[in-house]
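Q: Below, each chain spelled out in residue letters.
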Amino acid sequence: MRTLFRAAMMIAAALLIGASVSASASPRLAPHVLIFSYSTGYRHASIEPGTAALKAMGERDGFVMESSEDPDMFLPGRLDGYDAIIFLSSSSDKHNPASDWLTGLRRDGLQAFVHRGGGVVGIHAASDSNYTWMWYHRLIGASFDHHPPGTPTATVTIVDPSDPSARGLPHTFRRTDEWYHFYDFNPHVHIIAEYDPQSYGEDEANPHPISWRQDFEGGRVFYTGMGHTTESYSEDIFIRHIEGGLKWVLHRAN
Amino acid sequence: MISRRRLTALTGAGLIAAATPAFAAPRRQPRLLVFTKATGYVHPSIQPGVEMLRGVAQRAHYDIEATDDPDIFSDANMARFDLLVLLCCTTDSQHPDSEWLVGLRRDALQAYVHRGGPVVGIHAAADSHHHWPWYGQMIGGYFDRHPANPNVRPGHLIVVDRNDPSTRALPATIDRQDEWYLFRDFNPMVHLLIAAEVTSVYTETDPLNMQWFSSQTNTNTRMRFPEANPKPISWHHEFEGARVFYTAMGHTPETFSEPLPVAHITGGIRWALGHNR
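Just so you know, the protein sequences line up as chains P and C, in that order. Residue numbering for the first sequence follows this note's numbering, starting at 1 and increasing by one per position. Residue numbering for the second sequence follows this note's numbering, starting at 1 and increasing by one per position.
The set of hints was computed from the structure by calculation and includes no laboratory data. Positions of the beta carbon are idealized from the N, C-alpha and C atoms, including for glycine.
Beta-carbon label-pair distances, calculated as ranges: (1) C:Q94 x P:A45: 35 to 45 Å; (2) P:A112 x C:P154: 26 to 36 Å; (3) C:D175 x P:A112: 31 to 41 Å; (4) C:P253 x P:P76: 46 to 56 Å.
Sample of chain C residues with no beta-carbon within 10 Å of chain P, all distances over it, derived: (5) A38; (6) P48; (7) V56; (8) S74; (9) S93; (10) W100; (11) V102; (12) A108; (13) H146; (14) N151; (15) V152; (16) A169; (17) I174; (18) Q177; (19) P253.
Derived SDA-like pairs (lysine to any residue); straight-line CA-CA distance at most 25 Å: (20) P:K55 x P:R175; (21) P:K55 x P:S67; (22) P:K94 x P:T51; (23) C:K37 x C:G55; (24) P:K94 x C:T199; (25) P:K94 x P:G109; (26) P:K94 x P:E48; (27) C:K37 x C:T67; (28) P:K94 x C:R145; (29) P:K94 x C:D144; (30) C:K37 x C:D75; (31) C:K37 x C:I72; (32) C:K37 x C:E254; (33) P:K94 x C:P147; (34) P:K94 x C:A148; (35) P:K94 x C:H146; (36) C:K37 x C:G103; (37) C:K37 x C:P96.
All chains, full assembly: derive it from the sequences and hints.
A: Now the structure itself:
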């Protein structure tokens, strides 16, 4: 009886190990992901439902998902256990430089995290943050400039269907969101998706970037300007997009 | 849509390469149109630019005409040309009625582009027709602003694609003085050729980089903060059947006697003509 139990346990353990090995490239623990949503600027109502949806998303993939709104998480050493950070609409106030929260030693902590290969996912107002720190805007790849009023429905086009964040997504789709216009956009980033401002009647000539990725100083960065609305976080397309981006920054997209 | 000329170039390239010059059908040399009308800022670099392009044409055996008469944009006139250079041909962004591509002239330019007619835009060609989105699509973006006081300052340029006809003669980096444009409504899908390091355009502590700017199109003034990322300076793209090459260089008259910008523009013309050497 005991032998049988032991055998069953061993089989179960082997299955578990097998499952975790196939889900993760390294024999290390499952990836630890920090969802960070502290905001001193505009506070998005989508943060709470977004945090819940992103946790559920990551846990389905076997990741350990944690969330925080404590900017001291960026003090040196505090990020040691994490493999990726998701900046979820973690805004500061553009008109009040004192609202920037990546200051002092917190900057060192984030830089050390990126330089050791940590992954960064930026969502929506992650680009509307810490305007006084140029390095942060190189990390994200652009800065929020302005958006048209409300949440119009725009046509989004996937320009790199082979990107992990684009897998399973239609080539073009229409969705409702707050559409960011950027300044200081880095033309070297790898663009994944663009949107057409003319599709909701805005008088702009060219398609605008909305999702991109880049290798940056040792780490990987995925950013999407989408994700203003609460509804975004129950949309299959949007969640798949973020999931693929997260896997890519974690080097776990195959 | 592929033009007959482009098709000939594609299918005949092998034949022509193998054939003696006598075998090739007598083809007239490419004819360039340089257009310089400026109803916005009038650049002192226009005349030196025209002279430079005449030199390029002479060396490469192109025919060339320069005009600032917008009536050149008719179907009959444009049929004579194989390449259009838009040289600092500004309009006033605040005054839509300063735009000279109107009515049938628009149709003529569009018909030219749609038959595969290539376009080379230089400097303030992007500071033009802010109220005709098709024009901004053709160029790939609109001039937004440039640093001021001084507007002409040193820039550190990175050649992003060194294997292009417009860049093959260039070193990996270029340091030169110009007026450095920042763009709005920039098409991120254009093929980037040259970028400027932002720290050469603005320094991190440059007060000019921390001031309030008003946008060209939006009436609301908004806070600008230090720019962190590289800026596009030269690019090309295929647009509605035509090749378009653009460089933001060319504010200063000296540009057009400097070997590197001249080599860049010369190669850009070659690329636009489909000569991929």
